[in-house]
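K.L.:
For reference, the chains in residue letters:
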Amino acid sequence: MDTKIGVYICKGCDIGKTFDVDKVLEAATEKGAAVSKAHDALCSPEGVQIIRDDVEKEGLNRVCVGACSQRIFPELFEFGKEVMADRANLREQVAWCHAPDDEDTQMLAEDQIRMSIAKLGVMEPPEPFIEETSKDIMVIGGGITGMTAAKAAATAGHKVALVEKEAQLGGWATKFKKVFPKHPPYQDLEDSGYKELVAEIEADENITVHLSSEVEKTAGQPGQFEVSLQNGNGGGQFTVGSIIQATGWKPYKAEKLSYLGYGSSPDIVTNIQMEEMASAGDIKRPSDGKPIESIAFIQCAGSRDQDHLPYCSAVCCRVSLKQAMYVREQYPDAKIYVIYKDIRSPAQFEMFYANVQDDDAIFMTKGEIARVASENGKILIDVEETLLGEDIQVEADMLVLAAGMVPTTQVEDNPGTDTAETDAATEEKADDKADDDGKKEAESAEKGAKIINLTYRQGTDLPTLKYGFPDSHFICFPYETLRTGIYAAGPVRSPMDLASSANDAYGAAMKAIQAVNAMAEGRTLHPRAGDLTYPDFFMQKCTQCKRCTEECPFGALDEDEKGTPLPNPLRCRRCGICLGACPERIVSFKNYSVHMISSMIKAVEVPDEFEEKPRILAFVCENDAMPSVDMVGLKRLQYNSMIRIIPLRCLGSMNTVWVSDALSQGFDGVILIGCQKGDDYQCHFIRGSELADYRMGNVREKLQQLVLEEERVEMHELSIADYHKIPKILDDFLETIETVGPNPYKGM
Amino acid sequence: MANIDPLESQISADLLVVGGGTAGMTSAIETAETGKKAILIEKLPSLGGRVVTIYQYFPKLCPPTCGVEINLRRIRSNPNIRVLTLAEVESISGTPGDFEVKIKLSPRYVNEKCTCCGDCEKVCELERDNDLNYGLNKTKAIYLPHLMAYPPRYVIDPEFVKDESMKKVVEACPYDAIELDMEPVTITAKVGGIVWATGWKPYDATKIENLGFGKIKNVVTNVIMERLAADNGPTEGKIVRPSDQKEVTSVGFVQCAGSRDENHLPYCSAICCMASMKEATYVRAQYPDAEVHIFYIDIRSPGRLEDFYVKMQEDEKFHFHRGKVAKITENPENGNVILEAENTLTGEIIKTEVDMAVLATGMVPNTVDDAPPLDTPLDDFGFIAPDTTNGIVGAGVAARPYDVSATVQDATGAALKALNIGTRR
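Respectively, the protein sequence lines represent chains A and B.
Reminder that position 116 of the first sequence reads as 115 in numbering that gives the first Met the number 0, one-by-one numbering, no gaps.
Reminder that position 9 of the second sequence reads as 8 in numbering that gives the first Met the number 0, one-by-one numbering, no gaps.
A hint or two may mislead.
Calculated cross-link-like contacts (lysine-lysine; reagent style DSSO-like; alpha-carbon spacing at most 27 angstroms) [unchecked claim]:
| # | chain 1 | residue 1 | chain 2 | residue 2 |
| --- | --- | --- | --- | --- |
| 1 | B | K36 | A | K80 |
| 2 | B | K310 | A | K255 |
| 3 | A | K16 | B | K112 |
| 4 | A | K16 | B | K167 |
| 5 | B | K36 | A | K340 |
| 6 | A | K36 | B | K112 |
| 7 | B | K36 | A | K634 |
| 8 | A | K340 | B | K166 |
| 9 | B | K121 | A | K158 |
| 10 | A | K465 | B | K59 |
| 11 | A | K724 | B | K206 |
| 12 | B | K166 | A | K724 |
| 13 | B | K310 | A | K465 |
| 14 | B | K167 | A | K634 |
| 15 | A | K340 | B | K167 |
| 16 | A | K634 | B | K101 |
| 17 | A | K10 | B | K137 |
| 18 | B | K316 | A | K340 |
| 19 | A | K16 | B | K316 |
| 20 | A | K80 | B | K112 |
| 21 | A | K340 | B | K59 |
| 22 | A | K10 | B | K310 |
| 23 | B | K323 | A | K634 |
| 24 | A | K10 | B | K166 |
| 25 | B | K121 | A | K10 |
| 26 | B | K36 | B | K121 |
| 27 | A | K727 | B | K167 |
| 28 | A | K727 | B | K323 |
| 29 | A | K340 | B | K137 |
| 30 | B | K112 | A | K724 |
| 31 | A | K724 | B | K137 |
| 32 | A | K16 | B | K323 |
| 33 | A | K134 | B | K350 |
| 34 | B | K166 | A | K634 |
| 35 | A | K727 | B | K103 |
Think of the hints as simulated: they come from the structure by calculation, not from any bench.
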């Protein structure tokens with residue numbers, strides 16, 4: 000489609016006082032704008048109306064608004080689906096950070112407009128990927144979490160397939176005599192309520208329960224997951240739009256607790272065995288069936304231990320307090336000892352702990368276990384580093400070990416050691432990391448439990464984090480996973496109690512509903528929620544290098560036997576990492592492409608070397624670093640005018656050809672600013688900044704080939720709060736470039 | 000595309016969310032991204048809530064504004080959300096699925112023509128205490144709440160509207176954006192469900208008399224420590240002690256300052272252990288030789304947060320002392336503070352002198368002051384009880400002391416609970 004571009008420049012907020020607006024309008028016309036106008040306050044109703052009128056009368060289909068940041072009231076400058084609008088930032092990036100009446104500022108303002116025009120000339124309106132999708136939801140796991148999620152989604156009007164591998168619903172709750180308090184005043188034990196929930200599930204016509212069933216295969220993409228079940232009835236097939244994994248936990252293996260005496264006496268049991276005994280109605284000494292006169296609980300049996308489960312299992316303190324209450328109920332005179340590291344009864348659950356503490360016959364002792372032995376029918380526990388400052392020995396008829404929770408996604412029973420090995424391996428391979436990332440992820444998925452059995456090239460299940468939990472990959476967005484439309488809930492993703500699990504189920508159900516609705520409209524999900532574009536692959540030029548299939552953080556691409564990528568647009572989160580990965584430059588979005596950024600680079604007018612005006616190109620991540628650039632403006636911090644900023648969806652979407660483009664255009668240096676990588680990464684697409692860093696290796700090679708100095712390209716990590724560091728980063732880089740001297744290819 | 004200024008007197012949505020902090024933004028955004036309509040109302044002039052006063056999150060030590068920006072971006076690009084600031088619920092009538100809510104909009108005294116150019120601020124002579132920094136510094140009477148304020152518009156502190164000198168401020172605005180005669184208006188919202196996410200306030204530490212806050216200059220609270228570490232805080236991020244701006248060589252953290260104490264907050268505030276360890280990293284990052292003393296009853300770092308505690312224990316400058324601080328006094332010679340901790344079992348008193356002390360004060364739900372309407376059940380401490388059936392669902396710290404991640408988790412589910420109550424078959 001032919002583009003007809005209108006350029007509108009706002010003179011407000013000091014923009015008009017900083018540079019010659021008429022000259023910028025001339026530059027716009029030269030660059031091909033059909034209409035170019037200025038106004039004192041474009042954001043006023045009158046200003047917006049001028050553009051609206053021109054769109055209508057002049058038939059504009061592209062509008063460049065040279066004004067404030069894109070982040071300020073974007074909705075003001077929307078002119079319908081067919082009209083693409085772009086902001087050229089003349090306020091935060093020009094007027095507020097650069098000297099007025101200065102020829103360098105003038106050139107910057109003109110280039111801002113040229114880049115925007117070039118961008119608009121290439122951008123196309125999005126055409127969403129819309130196919131028939133299912134709004135049904137599959138929930139794997141029929142415990143409290145899975146049942147609650149199923150009920151929540153069904154009440155919201157969705158058909159739910161609830162898949163449970165056991166012959167009945169209920170999960171662990173069926174084994175619990177009571178649960179610790181979930182309701183005010185948070186003091187008394189409660190029923191788990193699972194029976195009522197099972198009855199509600201069975202009565203709900205929106206829910207189909209598949210008992211004794213496991214997922215054999217999940218193919219396709221969100222909106223179109225084709226699920227095959229395996230069960231005694233010959234299996235089953237159905238299509239769902241999204242998936243909730245609520246497969247829960249398993250207890251840490253008791254045999255591994257031999258260091259606490261497990262196995263040395265029948266009177267040393269785990270909290271699970273204790274619960275079974277209590278549920279059966281009679282707590283007695285396992286060895287001889289005698290009543291309990293004294294009992295000890297050892298907390299953190301396996302948990303918070305670098306040789307076992309390094310994490311805290313979050314529920315065991317309250318479980319032991321609950322079981323202590325069972326004992327008190329049956330044996331009013333029994334002595335009860337709880338030996339702990341820290342009692343963790345967070346929030347209002349403190350009231351439960353306070354209630355138990357009021358019981359004089361329950362002795363709570365902080366200490367480290369030195370030795371557990373059984374002698375003459377008694378269990379002897381040596382405790383060190385107690386609060387009394389001395390070592391003590393506790394003698395009891397019976398000992399309960401408060402064993403921790405392991406996610407069902409963990410095949411190994413010792414996630415602590417397993418992770419340590421993985422870490423060591425990771426360090427060794429640090430150099431060729433990015434290249435192997437896809438493969439390694441696939442391998443690690445192979446090592447994990449196969450529960451969802453996805454047919455994804457990158458593995459069968461949700462990628463797991465440290466200790467095997469398929470938890471969020473964002474700290475502040477707990478439901479977001481690396482597999483679009485698949486959400487983990489309950490103890491499978493983090494150790495949690497029943498009340499939290501039920502709550503978590505609602506959150507996961509909300510996300511699952513969101514996913515099916517978004518897929519039906521071709522909208523993507525977090526963090527580019529609502530984006531309608533998706534990557535298009537020009538397959539004729541594909542060389543089957545597999546970089547895109549391996550590097551996609553979301554496993555969106557499968558591949559055929561030759562290694563040609565098979566895109567699944569509904570799995571895609573539109574980060575553009577595939578676009579950055581592709582050496583053949585065959586990946587494009589309608590509104591974001593290699594060609595688009597190259598055009599922007601080429602739109603910049605680079606002065607020749609005799610003018611002594613170096614030019615620096617900055618690729619800046621639009622997620623955190625661009626808002627920081629805005630804040631630099633808001634704070635009126637000043638920096639050099641030699642910089643030309645191009646925002647990227649993610650640094651991971653940087654195609655290294657752009658560096659070559661910049662150098663051949665005559666830019667003297669290129670600076671990349673993105674989010675933090677590494678263990679505490681802040682990249683919104685998890686691996687983007689890490690991949691960009693890896694690709695910097697290719698850039699350095701390229702520089703060598705061109706006999707150019709390595710200093711010409713720099714990469715910086717920046718958090719959104721680090722805006723005050725930006726001027727120095729940019730000015731220091733200019734100084735570096737001035738020292739290195741002009742790009743010898745300038746003007747060639 | 001969030002419509003910010005209500006032109007109509009009656010609006011409608013599937014969900015009303017009360018409170019524009021992390022919990023409220025989450026409930027509203029998740030609803031909107033599901034395709035339903037949400038109205039998000041906030042009492043203050045800007046969205047963001049408590050987290051905009053926090054320097055870093057645990058355990059990644061990353062800036063909260065990153066998440067705020069993601070959320071604001073989601074709000075800006077979603078036509079299903081309507082944001083109303085300076086807005087409070089006046090009354091609610093009707094039944095779940097069919098509520099009528101009266102919302103009072105207080106005047107901002109700045110209209111939608113504001114461009115954030117800042118010319119007004121330059122000529123304004125009046126100053127007010129900066130609530131973002133707990134009054135530790137000032138802003139002008141016309142001010143932008145913070146760098147990421149949404150809506151990005153100035154606001155005038157009502158206390159100064161009538162001042163003669165404000166006329167000059169009106170004239171300084173090139174866009175006629177300042178209207179000193181703006182009046183409050185009340186609008187009606189028809190909604191199906193309601194999420195109540197009004198958040199928390201720090202416990203008033205002056206009530207814990209034995210710990211000296213408010214009397215001893217170098218005793219601060221954890222929320223103030225966040226501001227001392229923040230680049231946009233009163234000290235521009237330099238952690239110095241309040242009495243003499245001296246660099247610190249030792250800092251004491253007093254856990255359960257008010258929490259787990261039947262005279263103050265009987266419950267555990269759930270985040271303070273992690274928060275203090277995190278704040279100790281701020282000190283350690285600025286002062287490689289500084290010693291940190293943490294006095295605690297139990298360290299509570301649930302789940303994988305345990306890794307953070309383990310890492311802190313590896314730092315030899317971190318000293319963990321099991322014991323509750325019973326008394327804080329000032330050393331009159333040098334302004335230092337002396338912490339007296341009592342070993343709860345032996346009764347032994349340990350005295351530790353440090354440059355400054357940080358009280359890990361707990362979280363009090365704002366529902367204590369402003370209880371939600373419709374007889375919404377609250378627990379003994381003012382938190383909204385779980386499993387409400389009246390159509391008002393508590394989310395975030397209005398329901399339970401939560402960290403940010405758990406708040407988002409809770410608020411995502413709360414949105415569905417509230418929508419489902421409205422549509423229950």
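K.L.:
If a hint holds in the structure, say so; if it doesn't, say that too.
P.N.:
How the hints compare with the structure:
1. B/K36 to A/K80: 21 angstroms, holds
2. B/K310 to A/K255: 25 angstroms, holds
3. A/K16 to B/K112: Holds: A/K16 and B/K112 sit about 20 angstroms apart, inside 27 angstroms.
4. A/K16 to B/K167: 22 angstroms, holds
5. B/K36 to A/K340: Violated. B/K36 to A/K340 sits at ~48 angstroms, over the 27 angstroms cutoff.
6. A/K36 to B/K112: Roughly 21 angstroms between the alpha carbons, so the hint for A/K36 and B/K112 holds.
7. B/K36 to A/K634: Outside the cut-off at roughly 35 angstroms; violated.
8. A/K340 to B/K166: Violated. A/K340 to B/K166 sits at ~63 angstroms, over the 27 angstroms cutoff.
9. B/K121 to A/K158: With Cα atoms ~59 angstroms apart, B/K121 and A/K158 exceed 27 angstroms; violated.
10. A/K465 to B/K59: 14 angstroms, holds
11. A/K724 to B/K206: Violated. A/K724 to B/K206 sits at ~40 angstroms, over the 27 angstroms cutoff.
12. B/K166 to A/K724: Violated - the C-alpha atoms of A/K724 and B/K166 are around 37 angstroms apart, more than 27 angstroms.
13. B/K310 to A/K465: 15 angstroms, holds
14. B/K167 to A/K634: 23 angstroms, holds
15. A/K340 to B/K167: 63 angstroms, violated
16. A/K634 to B/K101: 38 angstroms, violated
17. A/K10 to B/K137: 31 angstroms, violated
18. B/K316 to A/K340: OK: B/K316 and A/K340 at ~21 angstroms, within 27 angstroms.
19. A/K16 to B/K316: 54 angstroms, violated
20. A/K80 to B/K112: 26 angstroms, holds
21. A/K340 to B/K59: Holds - the C-alpha atoms of B/K59 and A/K340 are around 25 angstroms apart, at most 27 angstroms.
22. A/K10 to B/K310: 53 angstroms, violated
23. B/K323 to A/K634: 44 angstroms, violated
24. A/K10 to B/K166: 25 angstroms, holds
25. B/K121 to A/K10: 20 angstroms, holds
26. B/K36 to B/K121: 39 angstroms, violated
27. A/K727 to B/K167: 36 angstroms, violated
28. A/K727 to B/K323: This hinted pair is violated, its Cα atoms lying about 46 angstroms apart.
29. A/K340 to B/K137: 45 angstroms, violated
30. B/K112 to A/K724: 31 angstroms, violated
31. A/K724 to B/K137: Holds, at about 24 angstroms.
32. A/K16 to B/K323: This hinted pair is violated, its Cα atoms lying about 61 angstroms apart.
33. A/K134 to B/K350: 64 angstroms, violated
34. B/K166 to A/K634: Holds. B/K166 to A/K634 sits at ~25 angstroms (cutoff 27 angstroms).
35. A/K727 to B/K103: 46 angstroms, violated
Comparing the model with each numbered hint stated earlier shows that hints 5, 7, 8, 9, 11, 12, 15, 16, 17, 19, 22, 23, 26, 27, 28, 29, 30, 32, 33 and 35 do not hold.
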